[in-house]
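Asker: So the chains spell out like this:
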Amino acid sequence: MYGPEFADILGRVRVKRPLVHHITNYVTVNDCANITLCAGGAPVMADAKEEVAEMATVSGALVLNIGTLNPGLIESMLIAGSAANKHNIPVILDPVGAGATRLRTESAWRLIAELKVSILKGNAGEIGVLAGAGGAVKGVDSEGLKGDPVQIAREYAKAEGLTVVISGETDIVTDGSRTLLVENGDPLMGMICGTGCMASSVVGTFAAVDDDPVMASAGALAAFGIAGENAAEKFGRPGAFKIALFDELAALGLMELEQYARVKEA
Amino acid sequence: MYGPEFADILGRVRVKRPLVHHITNYVTVNDCANITLCAGGAPVMADAKEEVAEMATVSGALVLNIGTLNPGLIESMLIAGSAANKHNIPVILDPVGAGATRLRTESAWRLIAELKVSILKGNAGEIGVLAGAGGAVKGVDSEGLKGDPVQIAREYAKAEGLTVVISGETDIVTDGSRTLLVENGDPLMGMICGTGCMASSVVGTFAAVDDDPVMASAGALAAFGIAGENAAEKFGRPGAFKIALFDELAALGLMELEQYARVKEA
Amino acid sequence: MYGPEFADILGRVRVKRPLVHHITNYVTVNDCANITLCAGGAPVMADAKEEVAEMATVSGALVLNIGTLNPGLIESMLIAGSAANKHNIPVILDPVGAGATRLRTESAWRLIAELKVSILKGNAGEIGVLAGAGGAVKGVDSEGLKGDPVQIAREYAKAEGLTVVISGETDIVTDGSRTLLVENGDPLMGMICGTGCMASSVVGTFAAVDDDPVMASAGALAAFGIAGENAAEKFGRPGAFKIALFDELAALGLMELEQYARVKEA
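Order-wise, the sequence lines are chains A, B and C. Read left to right, the first sequence gives residues 1 to 266 (the numbering used here). Read left to right, the second sequence gives residues 1 to 266 (the numbering used here). Read left to right, the third sequence gives residues 1 to 266 (the numbering used here).
For the record, the hints were derived by calculation from the structure and aren't laboratory data. A couple of the hints might just be wrong.
Copies of the same chain are indistinguishable here, so a pair counts whether it falls within one copy or spans any two.
[Stated by the list, open to error] With a straight-line cut-off of 25 Å between C-alpha atoms, the simulated SDA-like cross-links for lysine to any residue are: (1) K86 with A240; (2) K16 with A136; (3) K234 with M191; (4) K49 with E114; (5) K138 with V58; (6) K16 with P187; (7) K49 with E106; (8) K49 with R102.
Please read all numbers here as calculations on a predicted model, not as lab measurements.
All chains, full assembly: derive it from the sequences and hints.
Answerer: Shown next as structure tokens:
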């Protein structure tokens, strides 16, 4: 029942080709740029504090990813995020590794507190830590959280006034009142570096053309997940699979997204 | 008529394997390194102000790319460029995103003013902005310039005493008096992140072994364009196409370059 | 005769999935992350001085790579390395480009002097320079060293109390008393950017689960070399070869490693 709306969003992405400004890590930055292009957006990566406000202001969405953060980068994120907020440009935050170090946890909290973040997308451990719900993170990998992830995501979303996405075998998307579960995807996506970051880029690309962060997030994750399923049908090893993941998202048809999205309400 | 000269340059690249020093962005840096290897050069990426003069001095060319610039990087570019100038090592500047933010526009102008840039290679919007000819740039993509791009490139080249390259469906290469149009390439090259940066790396690699910046630029763009054409014959999707782009440049024969270069005088 | 021990180490990597903390360059960082995953480890890249001690402390190994170093990064390496030393976590140093600039040479010496480096892995030129044995390095490529590399590696290892690895057609691994020669690999590995860095990541992954740095290094290089041999059987061009290199390491079986490792004592 969500398929037609997702297809509509993807259609708008491809017509409008929104600029998606990233302040992100240097590990997966090239993957993020290419997956944004494959989704139908136009990526731009810029992190100097002297230019981020200007760049964010002309963009359709701002994706903040703390994968290789440092204090200077956080400052740039605050400047860019503040400019985006003033212009009602959605801000997507991927708190990579929150919980693994104090710098990451505290920086994520600070970004959430000082900016109006539209969509917060992390793994179970990261969201669990940020929500104060006993999450555990090792390096950049989730070691889970205590309790029911849907409930934790809902309460945290309500408390902070944002949309929370917990990525996993089933992705959870909630703004506190509405909760969608996205079941698309393939285990191979967890065997390559960067799928989490790429998912955030696709979410940002969808959010750039749609005012509903829950639908934009769920649609993006369904599209990216279907691309993963299609890629996994062709290649079973990580290197070839990764290349196919780009290609399958670029080739994803609107009707295909409509038909194969597996999303339900929680 | 240019084919034999281009083949001669490529032959010298492969014999001499010139070191090509890059101060570049962290988005496409790996692609730039690999495409330099595929062209026949030896890439080195180094941006610390403490070492760039030393590195530039032993290199065959210096490629400056402002794709993710910041004030510290510009300082390193000025130090490296000045050292390169002293040793008559050609400096190639790719003003990525000039026109999108003041930092980028002004930094590009500063590099052009303070260094002897041999080859300035950008898209139409970037060159239009830098030349004061009403260019428009969104993110890192050209939205065109006002007027005749060949005329604008010619006048800007003459005024600044450098070779201007405007990349596009047809690439324009001019030093103000001689103007070549390179028609090789494939639209798929615009669907992946990094082809512009990679083209600059190939230009730098060719310029490292040839004193004529117009011929080096045109030859490099013809070679890279033919690789793109060959890759597009095999793969129609961006991920697989990109891998093939590397492979086709690495496999490009001298006679193939001679035969398939489509270059004419404007 | 070493095959069974190497297979045992690889088996432990895959069971324990050790966290491998990298402070590395922005050129090959994505390759290092992905090859660590393919080997069976969990990569994390973090370089802010505010968090590196915390991250290193929970890791199984710390890989330091000076490919795009600057003074701030060296400071982070010293902080992380010191924390790793306190917790008996092995430190692997890849002195990329040592000998090419004073900054690189002196930074590598400083890291060796101030930290307890477990494994120092470089090409012949880099190790030759660091050992004071007349090495030559241009950019990041070895131009060889004067004298017998096995002898130089042995003496340097003994003098510094670490394991020295010289990568090359035949890799040399020595702690000064025991010396192993690893003959696996393929010339195509030298035609892509990043194989040296990736090899160091695999060495770090093996060292994270084995206390014997000589066996961990030799086993890692044998595994990575066999992956290169297998990839080269399938693809002869650099782009496709690189993808296959990841896939072949991910698919490498324990018995395959046991059977095809070509390692002998010097």
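Asker: Each hint: holds or not?
Answerer: Against the structure, the hints come out as follows:
Proximity of K86 and A240 under a CA criterion of 25 Å is satisfied in neither setting, with 42 Å inside one chain copy and 40 Å between copies. Taking CA atoms no more than 25 Å apart as the test, K16 paired with A136 passes between copies only; the shortest distance there is 17 Å, against 39 Å inside one copy. For the identical chains of this complex, K234 and M191 are neighbours both inside a copy (16 Å) and across copies (22 Å), given an alpha-carbon limit of 25 Å. Taking the shortest Cα distances, K49 and E114 sit within 25 Å of each other both inside one copy (17 Å) and across copies (24 Å).
Proximity of K138 to V58 under the C-alpha cut-off of 25 Å is restricted to the inter-copy arrangement: shortest distance 8 Å between copies versus 36 Å within a copy. For the homomeric pair K16 and P187, the shortest alpha-carbon distance between copies (19 Å) is at most 25 Å, but the shortest distance inside one copy (32 Å) is not. Proximity of K49 to E106 under the C-alpha cut-off of 25 Å is found in both arrangements, the shortest distances being 20 Å within a copy and 15 Å between copies. In the homo-oligomer, the alpha carbons of K49 and R102 lie at most 25 Å apart both inside one protomer (23 Å) and across protomers (12 Å), since each shortest distance falls under that limit.
Taken one by one, the earlier hints fail for this structure only at number 1.
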